[in-house]
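*Asks:* Hey, can you piece these two chains together into the complex? The hints should help.
Quick note, the sequences are listed as chains R and W, same order.
FYI, the working numbering numbers position 209 of the first sequence as 209, with every residue one higher than the one before it.
Numbers in the working numbering are just positions in the second sequence, counted from 1, shifted up by 225.
Incorrect hints may appear among the rest.
Said to hold, decoys possible - Here's a subset of chain W near chain R, in silico, CB distances under 7 Å, partners left out:
{"no.": "1", "residue": "Asn383"}
{"no.": "2", "residue": "Asp650"}
{"no.": "3", "residue": "Ala658"}
{"no.": "4", "residue": "Asp676"}
{"no.": "5", "residue": "Ala791"}
To be verified - According to the in silico footprint, chain R covers these stretches of chain W (three or more CB under 8 Å from chain R):
{"no.": "6", "stretch": "464-473"}
{"no.": "7", "stretch": "663-674"}
Simulated from the structure, these hints should not be mistaken for laboratory data.
For every residue, glycine included, the Cβ atom is placed at its ideal position computed from N, Cα and C.
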Amino acid sequence: MTVGVVRFPGSCDETDAVLAAARVGDARLLWHADPDLHGVDAVVIPGGFSYGDYLRVGAIARFAPVMESVARFAGGGGLVLGICNGFQVLCEAGLLPGALLPNAGLRFVCRQVDVEVVNTGTPFTGACARGDVLSIPVKHTTGRFHAPDGVLERLEAHDQIVLRYAPGCNPNGSERDIAGVMNEAGNVVGLMPHPEHAVDALTGSADGLALFESMRDHVARAVAA
Amino acid sequence: MTVTADQPGVDEARALGLTDAEYGLIVEKLGRAPNQVELAMFSLLWSEHCSYKHSRKLLGTLPTEGPRVVMGPGENAGAVDVGDGLAVAFKVESHNHPSAVEPFQGAATGVGGILRDIFAIGARPIAVLDSLRFGEPNSPRSRYLLDRAVAGIGHYGNSIGVPTVGGEVYFEAPYETNCLVNAMALGIGEQSKLVRSAAAGIGNVVVLFGASTGRDGIGGASVLASAELGADEDKRPTVQVGDPFEEKKLLECSLELLDRGLLVSLQDLGAAGLTSSAAEMASGGGVGMDIDVALVPLREAAMEPFEIMVSESQERMLCVCEPDRLADVIAVTDTWEVHGTAIGTVTDSGHMRIYRGDELVGDMPVAALVDDCPLYDLEPAAPSEPLYDPPVATLAPGAGLRGSLLALLCAPNIASRRPLFEQYDCLVQSRTARRPEQADAAVLVLDPSQDSDAPRRAIAVTIDGSGRRVAADPYRGAIEAVLECASNLACVGAEPLGTTNCLNFGNPEKPHIAWQLTEAVRGIGDACRALEAPIVGGNVSLYNEGTTGPIYPTPVIGMVGELPDAARAGGLGFARAGAAVAIAGEFAPWLPGGELAKLRGEVLPDGLPGVDLGQIRAAQGAIRAAVRAGELSSAHDIAEGGFLVAVAESCLAGGLGATLDLGPSDDPAKHLFGEGPGGFVVSGPRAALEALAQRTPLDIFGTVGGDALEVTIAGERFAATLDELRTAHGALGPLFP
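Bound conformation, chain W alone (with noise of 0.2 Å):
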């Protein structure tokens, strides 16, 4: 039989993104010029989006090993060992140019996507966060964006019984025109049931089940994913449109199947839809897969081949199951209403076989469409010049440290996020102990049946990265990311287990971005060495340009841990009048690419000052092991704003003031609200302050109580009452009428 043959060429190729090179590529790999269903399929696989060819190589210098790492990069989430047989899957993903064409659709299929992954490998969806980008909310746009994409997340989320816990939205004018949209999902599994997408059996079945196919998302990953967004708005067809109800559907459906152990191996279909998902599970199996798209349950009436191959029709699986199965499998997916489909069989062709009926329309060595994309090294250069204009001035020169305060928590990055998070349900599941704005990471009890007073086991997680700090230094602000994110969880008593990243940049093929993707991958791997919290997976958005320009580099890390007793986890709030207050930790305090010099309009410094991961860690451990013991009544990093912001937080949730001796300053707005990694704003019986100043640098500055927060330092004294700091925090809620 021979393959049928329409000729598109080079030109075609181009407009699908392939270069002239990687054309001719295809060509020597096929023996002859790939017909139109080839190269749909070439060009997908052949992406930046789907196979990394700019970034595979310096993400292989990240750690991806640890005693407690089940699954590894490479799989459709990563998995740590929690004990007790169980298994926690997470990965954190891109949804970043859908989102900035159609925000809601675009956000709402991020959720569905990543959660996807989770459920792909047999662990049950418990958590989703998101991270999110957008310009100044001075602009019309950018509200636009937030108030649609909020509204996304929540739409998917909310609807599929996965609660939403935690997040986490910066506004900087370089996202203006290319915003930001990563979500995160955790799940849990037993170990032993966890399945990999390798395709194994020849012979066996191939089946499709979910939504049916349509034409929604063609060509996402490849013209969407993988080049700058043009001011133009013809890219909205491209992106799908989710159905959470048809997802919660797949959902119980794939567990169901994996619990009854009816599969081989299963996949999600993302970007790339049945091509890559195809060709993934038979590459990692090392085997060929047959494909009959006139099999496929189509939404839509004549359907070309290649439509069918490459659309992004949301809420499909594929799984692989034995032919003696395959009844048993069809009526599981009866049951939850998802059609299942035999389209295809495992082969030992090592092709890739697409079918029409009996009509052969797509011939392909797996190994060439999966394997041979070229990879590029990147030519990285550091740039002489800025690449960021100053940020807008918004605080007046001559503003107080009062003034700066108040600024600083009205500021759209400090601001409480209320508004936004309670849009989502963090509540099912029954699992949150730690809700957000409770704590600075998720708590979640592992097992919501247990009714006694056993300790609680529990997960943490948290999910953080700030861009600028990354514009001013790439590889220090990339290492302060994940230095915050170990933090967050030390507040709550836990210890890191993993790490996933989303790594969004601009053009890696300009050498000033590919210096900053460089270098931020170096600082996460030195970071996540030092902290041995492994990379288990993560994702890769690249091409993050608008029309003014490239975004921050902005390296998304989230991070999971465990806590031995949730009854113990560390909240953020002042909980008891009367406590000490202390400021403990390895902390630098400095202001040039903080927000208070964003505020002030001030230019990105060009470099950040060095830590002493070392050292961090071990202050991360004293708070950690001091909240584990109980010994604290709050514990709260200190972030963006400085040590009095994060003050000023914990304030606001617990309902206590404070009153603070700073003693002599040299420079009070250094002091108050320079920022830095490593450090913590602490309160609790004086003795255990006293006890913990062993094990850590710490000094005892004040204490809880009162409506007001009081300040003396270098002989000036301010106080802001609860009242006024709940106002300036509340300056988002009129975002949301």
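Here chain R stands alone, though its shape is the one from the complex (with noise of 0.2 Å):
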């Protein structure tokens, strides 16, 4: 598997989101100005601050050029993980229900907290247990996820909320705990924590590597058939 992981003038965790990558397959940057994709299996929008992201956090690097090859990507069925300012991207795209709003604390937050693992059936869930519980980091100023009441009911019947923040842990006050969903069709997810910086127990934790070694589970599936 090679994930290509998109890097944006104002990207910070794109090396951090590489490394993490590399310790289950082949991985990439892939330029913001550059529409080519390089024939990866997976992409990752990083975290960071695209574009300085002066305007609304993401609003500015869904009109990349290498977007809109993200996107097309996507519509094919191809694996996009979005991670922070990535999923913040990703929900400016359309490609993601929902919006990502100032926390409620209305300060950057940084804290390792715990996350339940709601939905296994995802590509990048695979090889997670149902109720798992992971340790992993946020840190964000704009996190809070909202969407229309009609939409979380429609995410819920969909089985699209892909991680909720355990209880007690909501750092940013985001709606019925959701820390990260996905696309109907499943191959799409955008999550406010970091799991390129939960790959590791030195650096405090390795929990966030399952959702790497489910993507490259799910390609090397995806390549057996």
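*Replies:* In structure tokens form, the structure reads like this:
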């Protein structure tokens, strides 16, 4: 598996995402101005502040040349994982439902939190068991997941909620403790927690590795099929 | 060609902060009166902030050499050898006066400035730490400054992808009208690729890249940084506005330019903007430089040449390249959208010549600008009476031992910093093996891509400096600050490699301030020599006097060490029920000048007890060796609040209680809460502690376990549950609703 990690000017966690993906496969950077995805098997939109995010978070990045290709890739069933700013970008691009609003506390928060795996039927959580609690850090100012009630009901009904903050761990006031969602097709997932910062017990936790292993296994199965 | 002549006189020179004698010297060096451009440039380069004219002689007494020093003072940042061909660059710098005027941007641009210093030498920034001083948090002004400064630091560091891994904050009344915001940054790079700032190669091209130049920050170095702060707020326009996104692009662009070997030299634009960058580059290389201000990209129309030369607009870099590399350099700056522009040429004239198109608007010998600023001898005199009012008492006289413990834990100088550091990304770059409140120093692995069981080589970093202790005894207080850093490093298993300092003092032209400064520098020098932790760089911030008098003299010390395996890095939290608890090291508790004395409203003592630097170094070595060997379950240095506060912090960090029996005592408060350097709280298997006792003084006092801290001393028994301790320690939370 080769994972492509998009690099916008202002991305911060792209190198971490490459390091994390490299633990389970190959990884390379994709430049924002280059629409060529270079044949990667999966795309990660990493954390950071794309183009400075001085407008609304993710609002400019969705117009990047590389994002047109990512949208086509996703439309064809390709695996796309958005982390933090990447989640915000995917929401802005209409590839994921809902929106990320400023944290209820209105401050940046960097904290190790427990998140519960709600849906194990995704390409990103197949290596987990339902109810697994993962210790993964969050770090953001704009991470409060919001969607209209009707959309939230639909997300629940279609099992599109992938991760929830464990009781007492919601760091930002997200509705229904939602930490990560997927699109209806199940191939695009957005997370506010940073699994790429939880791949080594020495730096805090290795629980996030399960998401990258899930991607690898899914790609391997797809190739075998 | 003649130089454009407009004739500012000595009055203008005074308004820019020059003395009459300095103005006279400039006239002598030029052989004529300076015009407006020249006077502006001289006034900045001859300001305290740029010339160190009151401190340079003192700084020359500091130890700066050692086998691991790769780059010492004089460059944008110092650097030490960490093996495998790698160097770690680091430096601490102040941004005090801008932060006192506009805390968010002042603190943010402080971080931006220190990061530029790091990548200017070709090192990738890997960590930021900050050192903050405010008035007491019961003052609305202090709470405002704290809140906005923390937000500003977070805004910049978080946005640029450099983790903020540590720091410290003290609240003391003397900082009420003159807060301190010091930022330290570390970077890593290949030793062979580090660059110096000296320009070289006659005919080479000078390229400016980054943000465009505006009128922001004009005169910051002379007007803000080199004079006392008055009550007026008219100085707000001299504070710059930071743009971390621009700096992120600048960082990546600079490192790519260096990595591809396209540059001869590189320098950031900081205080005094283009003036100091160009002059220092030229001076370092012994060359001249021609600059055409008409080529500088501007964000405001009709800027005067002097404004362009002294603007402190942020996020700009200056580099020198060979003419046939210019196209490649511009291509890289275009990729990163930081529009590089050739604005000048390296010459053999020995002069800094400023042009506006064809018009010569300034012409000065580089040596006069950079080297000929007069250096002043300080006239130190110890004060005959106390300089500082006693702190306001906040602890009732009858408070018992338990009451004192809980009061100390919720004291602003001791309470948990979690509400602050949770606003900082401490994780990005995947190096952080010890985060804030996990250990006494941050631990960063050198190679985050290593994916094997081999030892994870790492560095550790810490920053410290208690102004109150230095106010009580400038010499010994400064020694304590250096020792504190080395003790922090020892607790994670790290050995010091090098030190940086930021000297925050009042007006050095006053004899008692000169005395504080002289004594503190002597203390830092003696301690760094004893520890073999040379000073590789730093910064001086003088004139820190608000409307209520001078700040506490505050030398802030940053220290970097190395450890062979981050997997064995020590932690401060008790980790194992049943482990023995001991006090270790060379510790002589003393109450005066400590945190309990402050809560009691006691006047500062006139002097602190002396220490044996050799013995304390040996104790630190013993702790370090035990941590590295994996023999200890926890190690925590005894600092503010003394032994029992350190134990309580170990309980809270580990979520485990402890039972202590300290036996007889003629002064329980002194033994429990007295302060001083060289002491540690350690826990571990009894046999391991007994082995450690062979190498350093050590007394086993109790056992880890339970959900309360229970203490028996001199026949008195008291206890506090972990919840009670946690509630007290969380006292800063309400400051960040």
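*Asks:* All hints, please: hold or fail.
*Replies:* Hint check:
1. A hinted interface residue such as W:Asn383 counts as satisfied when its beta carbon comes closer than 7 Å to some beta carbon of chain R; here the least separation is about 6 Å, so the hint holds.
2. For W:Asp650, the interface hint holds, since its Cβ comes within 7 Å of a Cβ in chain R; the closest pair sits about 5 Å apart.
3. Interface restraint check: W:Ala658 against chain R, minimum CB-CB distance 5 Å, threshold 7 Å, status holds.
4. At about 6 Å, the closest approach between the beta carbon of W:Asp676 and any beta carbon in chain R falls short of 7 Å, and the interface hint on this residue holds.
5. Residue-level restraint check for W:Ala791 holds (minimum Cβ-Cβ distance to chain R is 6 Å; threshold 7 Å).
6. Taking a C-beta to C-beta cut-off of 8 Å, the stretch 464-473 of chain W contributes 5 residues in contact with chain R, enough for the three needed, and the coverage statement holds.
7. Here the stretch 663-674 of chain W counts 3 residues with a CB under 8 Å from a CB of chain R, which clears the bar of 3, and the coverage holds.
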